[in-house]
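A.B. asks: Just so we're aligned: 86 in full-length UniProt numbering is position 86 of the sequence shown, and the numbers increase by one with no gaps anywhere.
Calculated directly from the structure, the hints in this document are not laboratory data. Treat the hints loosely; a few may be bogus.
Claimed, not checked - Quick list of the computed label-pair ranges, beta carbon to beta carbon:
hint, residue 1, residue 2, range
1, Asn280, Ile207, 28 to 38 Å
2, Thr48, Glu336, 22 to 32 Å
3, Ile18, His71, 48 to 58 Å
4, Gln196, Asn280, 41 to 51 Å
5, Ile227, Asp188, 51 to 61 Å
6, Asn280, Glu203, 20 to 30 Å
7, Leu220, Leu187, 47 to 57 Å
8, Glu8, Thr48, 34 to 44 Å
9, Asp272, Asn224, 38 to 48 Å
10, Leu187, Thr212, 34 to 44 Å
11, Arg231, Gln196, 46 to 56 Å
12, Arg164, Leu187, 30 to 40 Å
13, Glu67, Glu8, 23 to 33 Å
The beta carbon of each residue, even a glycine, is placed where N, CA and C say it ideally should be.
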Amino acid sequence: INRHSSVEKLKITLRRHIIEMFNGTIDYEFYQRRIKIAKVHVHIGLKTQWYICAFQDLTASFIDLVEEHVHHPLDQLNTIRAISKISNFEQQLVLEAFEHTIEQLHEKMERRKEAIEQEIVESSEGLATISQETNNSFHRLSGQSDEIKQLAKKSLQVSTMAERQALEGRERLKSQSQNMSNIISSLDEIAENITQLTDMSKEMESIMNVVTNIANQTNLLALNAAIEAARAGEAGKGFSVVADEVRKLSIQTKESVTSVATLLHKTNERTDRLVLSLSNIQEEVASGEENMVQTEGQFTNILEAMTEAKDQNSRMEKEVQAIAEVLNELGIAFNEVKNSAGKLASFTQNLN
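The task is simple: from the sequences and hints, build the whole structure.
C.D. replies: Have a look at this one:
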């Protein structure tokens with residue numbers, strides 16, 4: 001009573017209801033009001049046995065009033081009979097409406113239950129289908145993740161190989177750079193020897209000039225000696241022969257010195273060209289050494305990039321491995337969801 005109304009309001013409603021029961025008019029409105037009462041009883045959760053017990057108490061109160069105010073036994077009996085008929089009719093109407101309302105609610109609940117069961121079946125079947133599709137997608141994704149993992153592993157291997165090759169290339173460049181340095185040192189030594197050879201050639205030219213002058217002077221002296229021998233006559237013939245031989249030797253010496261001078265001149269020309277070529281070679285070797293130093297620096301940068309790429313590929317392989325493990329766990333979970341959805345669908349169909 002306190003949850004849906006109050007005692008005071010219920011007294012007013014009950015008083016009006018009792019007056020309607022005994023006003024002597026039973027029509028369609030009277031019937032509709034009883035149906036409304038039954039619906040209210042259903043709405044507030046009033047059980048049938050509670051309603052009957054309450055009406056029995058109300059009937060007992062009516063009888064007490066009759067016994068108090070009606071003194072003739074026959075009138076009491078007729079009045080009590082009339083009250084009993086009205087009470088029974090009231091209860092029949094209300095209970096019939098009550099049962100009808102309960103039946104309607106039950107039918108409504110059954111329809112709702114069937115609709116809910118159908119929705120559950122459809123939802124569970126849809127869930128099973130979605131779970132199956134999702135499971136298939138995860139299997140495909142898992143396969144793709146395996147391929148990505150293999151690619152990452154292969155990329156790591158390639159990066160490791162490239163790093164090793166770059167390291168070997170840098171070491172070879174260092175070796176070549178050292179060889180270039182040795183070549184430059186050798187070229188410098190050769191240039192020094194050529195310079196010394198040039199200086200020696202110049203000294204030899206000076207000596208050859210001295211020898212040439214001596215030969216000229218010897219020739220001149222031999223000529224003078226021949227003239228003096230001719231003047232001496234028979235006594236100077238032997239000296240004339242010696243002077244003539246000396247003159248011939250001086251001429252031969254001059255010719256030999258001239259030949260040697262020519263050879264020295266050619267040697268100097270070749271030496272000059274060799275010095276020029278050697279200078280060009282030194283410039284080329286120096287440029288090559290500089291390029292090798294730059295190339296070595298580039299190889300160092302490449303090696304650092306390869307090392308970083310290898311580290312990144314290593315991290316990527318670990319991350320892909322972690323993703324593959326997560327996908328595997330998700331695949332197991334979705335497989336369980338699929339099985340649960342199938343069980344739910346079977347259970348719902350069994351309920352029907």
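A.B. asks: Take the C-beta atom of Asn280 and the C-beta atom of Glu203, compute their distance, and say whether it sits inside 20 to 30 Å.
C.D. replies: holds, 27 Å
A.B. asks: Can the suggested window of 41 to 51 Å be confirmed for the beta-carbon pair Gln196 and Asn280?
C.D. replies: violated, 20 Å
A.B. asks: Just to be sure I understand the hint, the distance between the Cβ atoms of Asp272 and Asn224 should be within 38 to 48 Å; is that true here?
C.D. replies: holds, 41 Å
A.B. asks: Should the hint that Leu187 and Thr212 are 34 to 44 Å apart at their CB atoms be regarded as holding?
C.D. replies: Holds, since Leu187 and Thr212 (Cβ atoms, about 36 Å apart) stay within the stated range.
A.B. asks: Does the beta carbon distance between Glu8 and Thr48 stay inside 34 to 44 Å, or does it fall outside?
C.D. replies: Violated, since Glu8 and Thr48 (Cβ atoms, about 26 Å apart) do not stay within the stated range.
A.B. asks: State, for the Cβ atoms of Ile18 and His71, whether the hinted interval 48 to 58 Å holds or is violated.
C.D. replies: violated, 23 Å
A.B. asks: Go ahead and decide if the range 51 to 61 Å is satisfied by the Cβ distance of Ile227 to Asp188.
C.D. replies: holds, 58 Å
A.B. asks: Does the hinted range 22 to 32 Å hold for Thr48 and Glu336 at CB?
C.D. replies: violated, 48 Å
A.B. asks: Is 23 to 33 Å respected by the C-beta to C-beta distance linking Glu67 and Glu8?
C.D. replies: holds, 28 Å
A.B. asks: Looking only at beta-carbon atoms, does the pair Asn280, Ile207 fall within the given range of 28 to 38 Å?
C.D. replies: At roughly 32 Å between Cβ atoms, Ile207 and Asn280 fall inside 28 to 38 Å, so the hint holds.
A.B. asks: Measuring from beta carbon to beta carbon, are Arg231 and Gln196 in 46 to 56 Å?
C.D. replies: holds, 52 Å
A.B. asks: With 30 to 40 Å as the target window, see if Arg164 and Leu187 comply at their CB atoms.
C.D. replies: holds, 34 Å
When held up to the earlier numbered hints, the structure conflicts with 2, 3, 4 and 8 and fits the remainder.
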